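Read in the working numbering, the sequence shown has 325 at position 123, and its numbers run on one by one without any break.
Hints may contain errors.
[To be verified] Simulated crosslink set (BS3-like; lysine-lysine; CA at most 30 Å straight-line): (1) K353 - K339; (2) K282 - K335; (3) K230 - K242; (4) K289 - K247; (5) K353 - K268; (6) K282 - K372; (7) K230 - K243; (8) K240 - K268; (9) K289 - K339; (10) K229 - K240; (11) K243 - K229; (12) K282 - K227; (13) K282 - K338; (14) K230 - K247; (15) K372 - K360; (16) K360 - K338; (17) K227 - K268; (18) K360 - K339; (19) K353 - K338; (20) K240 - K289; (21) K227 - K250; (22) K282 - K242; (23) K339 - K282.
No lab work stands behind these hints, which were simulated from the structure alone. These numbers were taken from a predicted model, which means no experiment stands behind them.
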Amino acid sequence: MIYVVLYAVLLNAGLLISLMVFVHKFKKKDGIIDSLKKEKKNWEKQIKEAKKVTVDPNSYNVDVTKTDCQVTISQIDNVKYNNLVDKYFRGAVSNITTSSLTFTSPISLPIQEGIFIQTVFTLNGESFDVKAKLMKKQEDLTTGTNIYWAKFTLISAKDQERLRAVMYRKEIETRKYI
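All chains, please: the whole structure from these sequences, using the hints.
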C-alpha cells in the first residue's frame, strides 16, 4: 500500500513539475507575443506619422553632372571674416532641388560663421541667380574638395517656378536614357 501511495505522490509531483514547466514556457512565449504586439503598434504609429508628413510633389531633387557655378560670398555673420565678403570662386553644382543646392569647391569656408552666398549657374541653357545660406560642409579626402549644401534664402517665385520646370525637363531627359 505504501508503494501505491508513494507511486501516486511521485506521479502527481511529476505531473505538477511538467505543468509548471509548461506554464513557464507558455508565459515566456506569451511575453514574447506581447512584446511583438507592442513593437508592431510602435511601427504602425511611426508609419502613420510618416504618412502625415506632407511632401510637396514639386520639391524633388535632380542630380546634375558637374554644372559649373560662380559663388560670391555676400555676407558673413562673424566680423572676423569680413575680408571674405564680395570674394568669388568657382564650383560645380552636383544636386539641386527647388529650395537648395549641393556644390563642390576646393575652397574651404568656415560654415559655422553664417555665410550667405550668391550663386549663378546654368541648367539646361537657362541661367539662375540665387541667394543662399551655407548649411553643411563635408570634406572629400579622396579628391581634396569640399562639398557644400546651401539652402536658398532669396529666390523669386518666378525663378523658382522656372527652376522647377527646368528640373522637370531634365528629369524627363534622364529617364529617357534609363
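Hints versus structure:
Distance hint between K353 and K339 is fulfilled; the C-alpha atoms sit about 12 Å from each other, no more than 30 Å. Straight-line distance between C-alpha atoms of K282 and K335 comes to about 18 Å, which keeps the hinted pair within the 30 Å bound. Between K230 and K242 the alpha-carbon distance is near 18 Å, which keeps this suggested pair within the 30 Å criterion. For the proposed pair K289 and K247, the alpha carbon gap of about 50 Å is over 30 Å, so the pair is violated.
At roughly 19 Å between alpha-carbon atoms, K353 and K268 fall within 30 Å of each other, so this suggested pair holds. Taking the CA atoms of K282 and K372, the gap is about 41 Å. The hint is violated against a cut of 30 Å. For a cut-off of 30 Å, the pair hint linking K230 to K243 stands: about 20 Å separates their Cα positions. Straight-line distance between C-alpha atoms of K240 and K268 comes to about 48 Å, which puts the hinted pair past the 30 Å bound.
Note on K289 and K339: the hinted pairing holds, with a Cα-Cα distance of about 19 Å set against a maximum of 30 Å. A distance of roughly 16 Å separates the Cα atoms of K229 and K240; the hinted pair therefore holds under the 30 Å criterion. Among the hinted pairs, K243 with K229 is consistent with the structure: their alpha-carbon atoms are about 21 Å apart, no more than 30 Å. Annotation: proposed proximity of K282 to K227 is violated, straight-line Cα distance about 69 Å (limit 30 Å).
Of the pairs offered as hints, the one joining K282 and K338 holds, with about 20 Å between alpha carbons and a cut-off of 30 Å not exceeded. Under the criterion of a C-alpha separation no larger than 30 Å, the hint pairing K230 with K247 is consistent with the structure, at around 26 Å. Of the supplied pair hints, the one linking K372 and K360 holds, its CA atoms being roughly 18 Å apart against a limit of 30 Å. Between K360 and K338, the direct Cα distance comes to roughly 27 Å. Compliance with the 30 Å bound is thereby established for this hinted pair.
Straight-line distance between C-alpha atoms of K227 and K268 comes to about 62 Å, which puts the hinted pair past the 30 Å bound. In summary, the hint linking K360 to K339 is supported, as the alpha carbons are separated by about 29 Å, within the 30 Å threshold. In summary, the hint linking K353 to K338 is supported, as the alpha carbons are separated by about 9 Å, within the 30 Å threshold. The straight-line distance between the Cα atoms of K240 and K289 is roughly 57 Å, outside the 30 Å bound, and the hint therefore fails.
Our distance criterion of 30 Å between C-alpha atoms is broken by K227 and K250, whose separation comes to about 34 Å. A C-alpha spacing of about 53 Å is found between K282 and K242, which places the hinted pair above 30 Å, so the restraint is violated. Restraint check for K339 and K282: the C-alpha separation of about 20 Å stays at or below 30 Å, so the hint holds.
The structure does not agree with the numbered hints 4, 6, 8, 12, 17, 20, 21 and 22 stated previously, though it agrees with the rest.
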